[in-house]
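> Combine both chains into one complex, guided by the hints.
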Amino acid sequence: MFSASGRGTLYSYVINQRSMPGYEAPYSIAVVELEEGPRMMTNIIGCEQTTEALELDMAVEVTFEQCSDEIALPLFTPAGGAR
Amino acid sequence: MKPGTVAVVGAAETTDMGTITNLSVIGLHADAAINAMADAGLGPGDIDGIATAGVSPTEVAMYLGITPTYVDGTSVGGCSFMLHVRHAAAAINEGLASTILITHGESGRSRVGAGRFGGSSASLGGQFEAPYGPAGPPTMFTIPWLRYAKTYGASERDLANVAVVQREWAGQNPRAKFRDPISVEDVLDATMIATPFTKLMCCLVTDGGGALILTSAERAGEFAAKPVFILGTGESVETPVVSQMADFTSSKAFRVSGAKAFAEAGIAREDVDHLMIYDAFAHLPIYGLEDLEFVGKGEAPGFIADGNTAIGGSLPLNTNGGGLSYMHSGMYGMYALQESVRQLRGTAAAQVDDVEVSVSHGVGGMFGASGTIIFSNAKPS
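Protein sequence lines, in the order shown, are assigned to chains V and U. The numbers in the working numbering rise by one with no breaks, and the one at position 52 of the first sequence is 70. The numbers in the working numbering rise by one with no breaks, and the one at position 131 of the second sequence is 147.
Hints listed in this document are in silico derivations from the structure and should not be mistaken for laboratory results. Note that this is a predicted model, so its numbers are computed, not measured. Possibly wrong hints are sitting among the right ones.
Examples of chain U residues lying across from chain V (beta carbon under 8 Å, computed) [as the list claims (entries may be wrong)]:
#1 N109
#2 Y168
#3 A170
#4 S171
#5 R173
#6 N324
Rough simulated footprint, nothing fancy, chain U against chain V, three-plus residues with beta-carbon under 8 Å [as the list claims (entries may be wrong)]:
#7 24-38
#8 41-49
#9 57-63
So the derived list for chain U, only partly shown, Cβ under 10 Å to chain V, looks like this [stated by the list, open to error]:
#10 E145
#11 M156
#12 A165
#13 F213
#14 F264
#15 S266
All residues carry an ideal CB built from backbone N, CA and C; glycine is no exception.
So that you can see chain U by itself, here it is in the shape it has in the complex (with noise of 0.2 Å):
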């Protein structure tokens, strides 16, 4: 797409966040969706375009009352909304739909209205890795990680670095579920869940939804709160089995789509003022920076632990806490989305000074998706 074409004009979260017993995915969907409508003034007779995963667009249209000319299903992980705001950009572009309304609810703690986790068992999961145990993402999205360390010298408190940083971010978010300062130590002696990986090198489980709307950057001033515009996007996929990720120690849809979205956005890493890594565990910030090319191979660590992605760093990153310590609801890609439209347009609880370009990364599955967002408060010219 033409970089700063289409723009994001509506954007909100659930009312409430962590434990909420009163709303089924549905519900939470059309929480988001209501509020999101709310803060672009808009109502659902006003909406032509949808997308969703978890559950069917064709769910959420009805439930709010819309009718769409273009729907996109897309479902593949976390990730999915990123995913969903490229095509959304191309499809306005194109002329499929004029106003996009991108929405995320998930029951992830209370599971009220939601189904099981987990694939056939004629899946390739189903055939070549659940025998062997695994229980979840803990003991599979981690799996990584110790050939990264052997790779690059790296060790847990590396892992731990990252839980720290973003608990000091989470602590000036009071929608965060973790706010308590914690330390190296905390993190390491917390419970063991995957060795290496302990309970606080995880992300939360809890309750919430997110939505976005999109529209054509000429449109864009007639709406109430300032627009965030889409510089550059970008998608990939590489495997649906955490064990053929060809390079343990890099993503290649990270990768892809990384470059994908620099290349379109034409900005370099150094114009980058803030920036989202889907954080499901400790260790994907540091695949996540290195990936997307902000250091070399490596070097994410050491970046960490000389503060660059802390309060007053050069590279802010994750400053809602992130899954580690805002909220994780199972896909969390709508989160990070969201506090990117919330830094550009000054209204963050974290707020960083003089943001003009976000990027929003996301990871679906084990390492097997990946989405890259590139937002700017400023049109490019």
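Chain V with its partners taken away, still in its complex shape (with noise of 0.2 Å):
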């Protein structure tokens, strides 16, 4: 057991371009290496669900959401904000 630092890099993904309850397309649907070194499924948000703004190996970090008062999911943004 460790603490995530919540930074990572993309390392692969594809980008769903059908909408499913709940998830408007076009979404990543993303694997993220951690700087610890885990890969974990998530999101990529905050970004153009293009090929152009998700490059593999971009720097990404956590940003939870809120999905119930119990739940909080990890998603990836690029980091240092929004491009």
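Okay, structure coming up:
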């Protein structure tokens, strides 16, 4: 067990072009490699959902989406704020 | 197993293929099983082993009137049938049963008597992937590709090439769902599903089934059809969730399964005349060619672009048209096995000349599992 910094890099992804209940297309379904090593699935938000904006190995940082009183979902944005 | 000790003596697909609205899932299993038994000249009373995935082997045995002394319900996704073949070969050699029936049936398109797709919310996928909005395999199986593309300088055109070449094979197969020729541009311009994967880089969703009957090689001469011997087998699993695949440019389950099968068979890659690689999506033959060591890392796109896997090429690949153009019910592995058997019997629609060794390589889940079977129509001495 260790604390994660919330920093990482974009490892790989697709951009779903079909909306799902609760998810409006286009949206990225991404895997981020954390600074500490592990990888996790997530969405990259706060930037255009295009292959131009979503560059592999770009620096990303965590942001939490409050889904309910008990659940906060870790999402990621480009490091240093939205592009 | 010792190479060549077990043979496929019955093999058949469902009578119809594609859209089958008058058969439920169990009906598709039964139709394929009845066809395979007819192919072998056997009845349910001659079968003493049963294996299947998707439905319970209990259900198939009861439905067909089989009393088995060997039962295998291994269910690791679309390659489950490769694992069934492997387990059945070991079981026959061990005397657990003498004549084993492996069945598949899936109402992938019409959903007659079919359950829902997806796992429980308590599973790893339910907890750690579902919250991010994946819409089934097209949005998950495809995630590793961009890492491969960046690592080896590959592009969407390389994915498109896979679909184009397989459509050429499908053009020779009257049972294939899609048969009209397509160009790289057609593939690239098709509806975008999960960038960079367009619709023509994704498999079909159709209905169908298939069944195989295995017995000891010593008995193979008793059957009408040309026997197909099992030379080598492999299987492995890696992860139930694609995000935890160790290397996004290569499947560990592919590598382990493939290496095991080739070691067992004691043959070289150059000895392979025909190859089936489960192609749920267009990147899978690329990973498969490399992870089975037919080509080096990063070389598969060029190998395909140079025509090696196409009609007249050195390594004919997915000659039924594959999941991209022939059919894909959900668990496609059975159809890869069927095409290997047909090629070795000399009865394939797009028959390749002088096939003596064929490899069927399957995937389960999203790079989660793998099974590899090496067949030959010549019994090793």
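> Have a go at the U/F213 hint: is there a Cβ in chain V nearer than 10 Å to its own Cβ?
holds, 7 Å
> Verify the interface restraint on U/S171: the C-beta must sit less than 8 Å from at least one C-beta of chain V.
The hint is violated - U/S171 has no Cβ within 8 Å of chain V, the shortest such distance being about 11 Å.
> Using Cβ atoms only, decide whether U/N109 comes closer than 8 Å to chain V, and label the hint accordingly.
With a closest approach of 41 Å, the U/N109 hint is violated.
> Is the shortest C-beta separation between U/M156 and chain V less than 10 Å?
Hint holds; U/M156 Cβ to chain V Cβ min 7 Å, cut 10 Å.
> Test coverage of the stretch 41-49 of chain V by chain U using CB-CB distances below 8 Å; three residues minimum.
With 6 residues in contact (Cβ-Cβ under 8 Å with chain U), the coverage given for the stretch 41-49 of chain V holds.
> With 10 Å as the cut and Cβ atoms as the points, is U/S266 at the interface with chain V?
Violated, because the Cβ-Cβ distance from U/S266 to chain V comes to roughly 13 Å (cut-off 10 Å).
> Holds or violated: is the Cβ of U/N324 closer than 8 Å to a Cβ in chain V?
violated, 27 Å
> Between the stretch 24-38 of chain V and chain U, see if three or more residues pass the 8 Å beta-carbon test, and mark the coverage as holds or violated.
With 9 residues in contact (Cβ-Cβ under 8 Å with chain U), the coverage given for the stretch 24-38 of chain V holds.
> Let's test the interface hint: is any C-beta of chain V closer than 8 Å to that of U/A170?
violated, 13 Å
> Quick check on the hint: U/E145 CB to chain V CB, less than 10 Å?
With a minimum Cβ separation of about 5 Å from chain V (threshold 10 Å), the hint on U/E145 holds.
> Taking the least C-beta to C-beta distance, is U/Y168 closer than 8 Å to chain V?
At about 13 Å, which exceeds the 8 Å cut-off, the nearest Cβ of chain V leaves the hint on U/Y168 violated.
> With a cut-off of 8 Å, does the beta carbon of U/R173 approach a beta carbon of chain V closely enough for the hint to hold?
With a minimum Cβ separation of about 14 Å from chain V (threshold 8 Å), the hint on U/R173 is violated.
Checked against the numbered hints listed earlier, the structure breaks hints 1, 2, 3, 4, 5, 6, 15; every other hint is satisfied.
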